[in-house]
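Protein chains in written order, with the numbering used here: chain W, 1 to 319; chain Y, 1 to 319; chain A, 1 to 319.
If you're looking for bench data, these hints aren't it; they were derived computationally from the structure.
It should be emphasised that the depicted structure is a prediction, and the values quoted were computed from it without experimental measurement.
There's no promise every hint is true.
Said to hold, decoys possible - Below are the BS3-like pairs computed for lysine-lysine, each with C-alpha atoms no more than 25 Å apart in a straight line:
{"id": "1", "chain 1": "A", "residue 1": "LYS269", "chain 2": "W", "residue 2": "LYS46"}
{"id": "2", "chain 1": "Y", "residue 1": "LYS256", "chain 2": "Y", "residue 2": "LYS269"}
{"id": "3", "chain 1": "A", "residue 1": "LYS205", "chain 2": "A", "residue 2": "LYS165"}
{"id": "4", "chain 1": "W", "residue 1": "LYS264", "chain 2": "W", "residue 2": "LYS164"}
{"id": "5", "chain 1": "Y", "residue 1": "LYS256", "chain 2": "Y", "residue 2": "LYS214"}
{"id": "6", "chain 1": "W", "residue 1": "LYS46", "chain 2": "Y", "residue 2": "LYS165"}
{"id": "7", "chain 1": "Y", "residue 1": "LYS165", "chain 2": "Y", "residue 2": "LYS256"}
{"id": "8", "chain 1": "Y", "residue 1": "LYS46", "chain 2": "A", "residue 2": "LYS46"}
{"id": "9", "chain 1": "A", "residue 1": "LYS228", "chain 2": "A", "residue 2": "LYS269"}
To be verified - Far from chain W, some chain Y residues (derived; all Cβ distances over 10 Å):
{"id": "10", "residue": "LEU49"}
{"id": "11", "residue": "ILE72"}
{"id": "12", "residue": "ASP135"}
{"id": "13", "residue": "LYS214"}
{"id": "14", "residue": "TYR257"}
{"id": "15", "residue": "GLY278"}
We put the CB at the ideal spot given by N, CA and C, even for glycine.
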Amino acid sequence: MHNPQLNRNGELQHLLTIEGLPRDIITAILDTAVPFTEVAEREVKKLPLLRGKSVFNLFFESSTRTRTTFEIAAKRLSADVINLNITTSSTTKGETLLDTIDNLCAMQADMFVVRHASSGAPYLIAQHLSAIGRDDIHVINAGDGRHAHPTQGLLDMYTIRHYKKDFTGLTVAVVGDILHSRVARSQIHALTTLGVPEVRVIGPKTLLPAEVEKLGVHVFHDMRAGLKDVDVVMMLRLQNERMQGALLPSPQEFFKYYGLTLDKLELAKPDAIVMHPGPMNRGVEIDSAVADGPHAVILPQVTFGIAVRMAVMSILAAH
Amino acid sequence: MHNPQLNRNGELQHLLTIEGLPRDIITAILDTAVPFTEVAEREVKKLPLLRGKSVFNLFFESSTRTRTTFEIAAKRLSADVINLNITTSSTTKGETLLDTIDNLCAMQADMFVVRHASSGAPYLIAQHLSAIGRDDIHVINAGDGRHAHPTQGLLDMYTIRHYKKDFTGLTVAVVGDILHSRVARSQIHALTTLGVPEVRVIGPKTLLPAEVEKLGVHVFHDMRAGLKDVDVVMMLRLQNERMQGALLPSPQEFFKYYGLTLDKLELAKPDAIVMHPGPMNRGVEIDSAVADGPHAVILPQVTFGIAVRMAVMSILAAH
Amino acid sequence: MHNPQLNRNGELQHLLTIEGLPRDIITAILDTAVPFTEVAEREVKKLPLLRGKSVFNLFFESSTRTRTTFEIAAKRLSADVINLNITTSSTTKGETLLDTIDNLCAMQADMFVVRHASSGAPYLIAQHLSAIGRDDIHVINAGDGRHAHPTQGLLDMYTIRHYKKDFTGLTVAVVGDILHSRVARSQIHALTTLGVPEVRVIGPKTLLPAEVEKLGVHVFHDMRAGLKDVDVVMMLRLQNERMQGALLPSPQEFFKYYGLTLDKLELAKPDAIVMHPGPMNRGVEIDSAVADGPHAVILPQVTFGIAVRMAVMSILAAH
């Protein structure tokens, strides 16, 4: 089957998911991001790569933090950015999603950054663009339902490579609510594609997908066993709506078994790094002593995230 | 009476309505828009004509689509754009409309794009600017109550001229809820001003203004009779609030009599074009087979709309 | 105690309050603003001083007017501006204020413009930036609770200096709800720091802070007595929530005793100027005949406010 993310030359046409993305494309994105981390430290944090391009932030689900990171990335590349919060817009007037997209295409959009509560919405848009012959417009998935959040996965890979240099000798644990996390899926695909030999998932049975082993990971229900000698701990955010559900006893109980404390972290390698996609629930999935401690690389993740988004946008715009 | 849209030299000072706008000014706007359609296809879609100018989008009534088209047009001309959603702003603090305007003038605004639920609000603002001697500030009406939506009328004229080259041999039908449509009024004025010899309006008696014939149009209640041999079909959007009202039996009934189907469209000339201001109610005023068919020029209307708004802004800024 | 607004060289690091701000720094801000008032009258109202800088408007409390003035000021200095309305954002996801700030720092912010309902929030942010060693990021207080609104105070001083040239011979009256006004506190500190020999506050006992005399002002409960021979009348806005409270009989009653009318204004010097921070409650604290009359400099205040905000931003960015 044709990979809808790649054009006929095998170049990145859209960024929809890390699943199925070739290793050399992932590596090219990470390599492209490196100089962009330096741009952010310059006096004038501005490059002309997207000058005159129109980037539409299409947020069908509100997320100020994610929207902000894409807005900054696009503006640092000199793009014109239009923020559209579509929940309060035309769709309430009875217009379909694809009519909205057709209209924005007719306004000569160059890029859509799409956040949607429904898994697959960015795919639908990408397919439609292909069907109407608008290969000049690119889609970036900024989170779709439970499915994927590929720029988060990429910035996580950037962070690991930054601190650990190489993926091929690492043991990495992903901890928490794997079942409902679009971040976790993107991470696991990225880690296995980049050659991490040992990927572990740690969580209660109720928060792990059925047959998760088929993704090529080792499953642990006991966090202490799972953290033994890992190089990287990737914590997940526990969604608020899960905390009241039947799947979990209480936030306090969750913290006891699956919250990352200094105590549990001691089981990892001495130079282990701790990651979190944010926003953190302190005292639920992570203890403040860890979040603010020397192993945490949570804020560098945010910084690298801007550079990675700039890289994705500039690669797409070049095709 | 002095035309408040023109300055003493007879140049465009504000764009408030197409009614009373001289033919040569309409033509000049359409001519100016032509090269702007090419800008949108360039690699760098940016011109410096409004560089350093402050354009305020004053939306007293929310309309993401219209706001977006003006925002894109202004940004492609390099203006600084400030979006103000005034419903949630100072007017709730008891400040009057004109106090708000005075304040924005004092911030050295150059242009106000005004959307308001009350007919006449943009006039009131334009009169006030004249009264306080701020001829350097220009107003564009982006839709006021049931009154006017002149940039929509202008982009419609641009579209007709693009496909039909000349207005003087055309038969044009405007179909649907003429009574409540600010778009229809702008269209009819523009068509007659530009010399279209035969303008028809088609709709049920309950949705036509009293004495509509005085605008210089022929009235049809039977859509099939009205569409006979027309060159251009301009569909109107049926507002949701009408669908539940006493004026109409049901959306299905409306579609039966006044919805544009392939069947009815066959009565028009073979090269007829179909227009719609959007967003469309598919299956109410227009069938999807028509909306997505070869006669429809609904998406080119959107593209031309950006160019026409750039033309209006650049003409105003030059005076 | 170290003044958190100044860096080790005694230069402005943050603008949090006028209280404790040295006179030479206030004067330097006013002096820097002078040429910026001319920028606003140029054809191209744009300077490159903040090019490539990221200015975040962090509005934890909505205020379209104040946000707009900072947005315009930043854009005229060529900054990239990101508007964040935080009430609807991450803090609802359980993230703390300082986690939000940490994240924005990691996105390489250069400046935070902070509006918050809690007094002291901008201080908390400034202290945190110092604690994490981010002296490259600057905070501007755009209004915190009842505490301070320093750019308002500065633009008021700019306005007085513009019309009266010198502070040292003036009598200035601040009138209305001193108790709940963050504007009044900023004004009084600025006036006394700049050497105004006679600062008066006029209001009912219920709307004056206890021991207000200790700020170095003369207290008047009778407005006519207080206005006698003043050079400057600074009216305050009566907050809507006060009008229904127990502190005041009714808006009509307030107007009778403390509303500025032409009649009362005649007691001031013939060349007195009348100021108001806006938005005005016409007929409550000020009569329209005064607001729109020849003594009012209320709209010039707005114009100077943009220049003063540009001055503050450019001074901070230079350190």
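These are the hints, each one checked on the structure:
1. LYS269/A - LYS46/W: Distance of about 53 Å is beyond 25 Å: violated.
2. LYS256/Y - LYS269/Y: Holds, because 21 Å separates the two Cα atoms, which is no more than 25 Å.
3. LYS205/A - LYS165/A: violated (33 Å)
4. LYS264/W - LYS164/W: Since the Cα atoms of LYS264/W and LYS164/W sit roughly 21 Å apart, the hinted pair holds (cutoff 25 Å).
5. LYS256/Y - LYS214/Y: violated (28 Å)
6. LYS46/W - LYS165/Y: violated (44 Å)
7. LYS165/Y - LYS256/Y: Distance ~33 Å between LYS165/Y and LYS256/Y Cα, so the pair is violated.
8. LYS46/Y - LYS46/A: Roughly 17 Å separates the two Cα atoms, so the pair holds.
9. LYS228/A - LYS269/A: holds (8 Å)
10. LEU49: With a cut-off of 10 Å, LEU49/Y remains clear of chain W, as the shortest Cβ separation is near 14 Å.
11. ILE72: violated (6 Å)
12. ASP135: holds (29 Å)
13. LYS214: Check passes; 32 Å lies beyond 10 Å.
14. TYR257: At about 20 Å from chain W, TYR257/Y clears the 10 Å cut-off, so the statement holds.
15. GLY278: Non-interface label on GLY278/Y violated, nearest chain W Cβ at 6 Å vs cutoff 10 Å.
When each numbered hint is compared with the structure, violations occur for hints 1, 3, 5, 6, 7, 11, 15.
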